[in-house]
Amino acid sequence: MATNIPSWAQNAAVYGSNDSFLLLDIFPNDVVDDLFYKLKDEVKWSTMRQKGKRVPRDISIQGTITIEDGDEYEPLYRHPADEQPELVSWTPTALKIKERIEEVIQQKLNHALIQYYKNGKDNIGEHSDKTLDILLGSYIVNYSLGAARTMTLINKRQYGIRQEFKLPHNSLFVLGWQTNREWYHAIRPDKRLITQKDPDEVAFYGERISLTLRTIATFLNRQTGQMYGQGARYKTINEHPQDFQYENDDMDMVYAFSNENKQSSEFDWNTNYGHGFNALNFKVLNSKQQ
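In this note's numbering, each number is its position in the sequence shown, counted from 1, plus 19.
Hints may be right or wrong, so weigh each one.
[Stated by the list, open to error] The calculated lysine-lysine pairs, modelled on DSBU-like cross-linking and capped at a C-alpha distance of 30 Å, are:
| no. | residue 1 | residue 2 |
| --- | --- | --- |
| 1 | Lys59 | Lys254 |
| 2 | Lys281 | Lys59 |
| 3 | Lys185 | Lys210 |
| 4 | Lys127 | Lys115 |
| 5 | Lys127 | Lys254 |
| 6 | Lys140 | Lys115 |
| 7 | Lys216 | Lys254 |
| 8 | Lys63 | Lys127 |
| 9 | Lys137 | Lys185 |
| 10 | Lys216 | Lys127 |
| 11 | Lys63 | Lys281 |
| 12 | Lys254 | Lys210 |
| 13 | Lys254 | Lys140 |
| 14 | Lys115 | Lys175 |
| 15 | Lys57 | Lys254 |
| 16 | Lys59 | Lys137 |
| 17 | Lys210 | Lys127 |
| 18 | Lys137 | Lys63 |
| 19 | Lys59 | Lys175 |
| 20 | Lys57 | Lys140 |
| 21 | Lys185 | Lys175 |
| 22 | Lys281 | Lys254 |
| 23 | Lys175 | Lys210 |
| 24 | Lys185 | Lys216 |
| 25 | Lys281 | Lys57 |
| 26 | Lys210 | Lys115 |
| 27 | Lys210 | Lys281 |
| 28 | Lys115 | Lys137 |
| 29 | Lys175 | Lys57 |
| 30 | Lys281 | Lys216 |
| 31 | Lys254 | Lys137 |
| 32 | Lys115 | Lys63 |
| 33 | Lys185 | Lys63 |
| 34 | Lys175 | Lys63 |
| 35 | Lys185 | Lys254 |
[As the list claims (entries may be wrong)] Okay, the calculated beta carbon distance ranges per label pair:
| no. | residue 1 | residue 2 | range |
| --- | --- | --- | --- |
| 36 | Glu91 | Gly293 | 40 to 46 Å |
| 37 | Lys185 | Asn37 | 17 to 23 Å |
| 38 | Phe184 | Thr66 | 26 to 32 Å |
| 39 | Pro25 | Glu102 | 18 to 24 Å |
| 40 | Glu266 | Lys127 | 28 to 34 Å |
It is worth saying that the hints were derived from the structure and are not from the lab. Beta carbons are placed, not taken as given, at the ideal position from N, Cα and C, and that holds for glycine.
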């Protein structure tokens, strides 16, 4: 059993390295169905490419844009990708969900990857989240709306050890730091016939929307392209020179990403990430390019 379970997770199912939890009924039942349809309608869905291929789901990236000395800064989450849509400010329903989850887990969140799974074929392969830009030790959370899908956790050291569980409508999976380090997570394609699925798996015509919310500690100046914070070379705005030319360290960063994905508890964050990177390893597409 897990030890030091947070007060908000006392009644939750425990998974992974005993620091991950599944919470149910985040919103009252009389409002949650409406959240699905409002979110689906208000989000401008885009595609993302990785390794030259379109990922099998539609996405939106939203976050908290701040103003400092007249410049706009956005939370920057870097991960292996070729291109992805630009970050936009929270839409009303996404903001409502974010604020409710902040109340539940008692952690501020400033970045969301919102994903639309159109049917059982849409999926996400096994991986560990890349923590270069994620606030050290913080939770990564995934809120589910719509059809239930199965989350699979795969132990990195003993690949045969797996945990599978449903992510129901209106549920919140809280991924702990240790679990992310020691386990892969995935939502695999569901190739079963509709007649073989449970009612909650075919609800909402089999469509699912998930919001992966994070606390990001690296920031990008939207006007100049300057970076600062945990995952950057310069840790504060004041450290950053006015005249700058970033070195090309994108391959070193991608190599560090690979280390985190392959390694388990032996992964040393400070050795791989501590010095920071100034690379933006993906092309950001604005609305005119999509």
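Satisfaction of hint between lysine 127 and lysine 210, Cα-Cα up to 30 Å: The given pair, whose Cα atoms are some 37 Å apart, is violated under the 30 Å limit.
Hinted pair, alpha-carbon criterion (30 Å max): lysine 254, lysine 140. Please report holds or violated. With Cα atoms ~41 Å apart, lysine 254 and lysine 140 exceed 30 Å; violated.
Straight-line alpha-carbon gap lysine 57 to lysine 254, limit 30 Å: violated, 38 Å
Glutamate 91 paired with glycine 293, Cβ distance criterion 40 to 46 Å: Violated, at about 27 Å.
Regarding the pair lysine 137 and lysine 185, is the alpha-carbon distance no greater than 30 Å? Holds, because 17 Å separates the two Cα atoms, which is no more than 30 Å.
Are the Cα atoms of lysine 281 and lysine 59 separated by 30 Å or less? Violated, because 34 Å separates the two Cα atoms, which is more than 30 Å.
Restraint status (C-alpha distance of lysine 115 to lysine 137 at most 30 Å): holds, 23 Å
Check the hint pairing lysine 175 with lysine 63 against an upper bound of 30 Å on the C-alpha distance. violated, 36 Å
Does lysine 210 pair with lysine 115 here, judged by a C-alpha cut-off of 30 Å? With a Cα-Cα distance of about 33 Å, the restraint between lysine 210 and lysine 115 is violated, given a limit of 30 Å.
Between the beta carbons of phenylalanine 184 and threonine 66, is the distance compatible with 26 to 32 Å? holds, 29 Å
If you draw a straight line from the CA of lysine 137 to the CA of lysine 63, is it 30 Å or shorter? holds, 15 Å
Does the structure keep lysine 140 and lysine 115 at a Cα separation of 30 Å or less? Status holds; Cα separation ~29 Å.
In summary, the numbered hints that this structure violates are 1, 2, 7, 10, 11, 12, 13, 14, 15, 17, 19, 25, 26, 29, 30, 31, 34, 35, 36 and 39.
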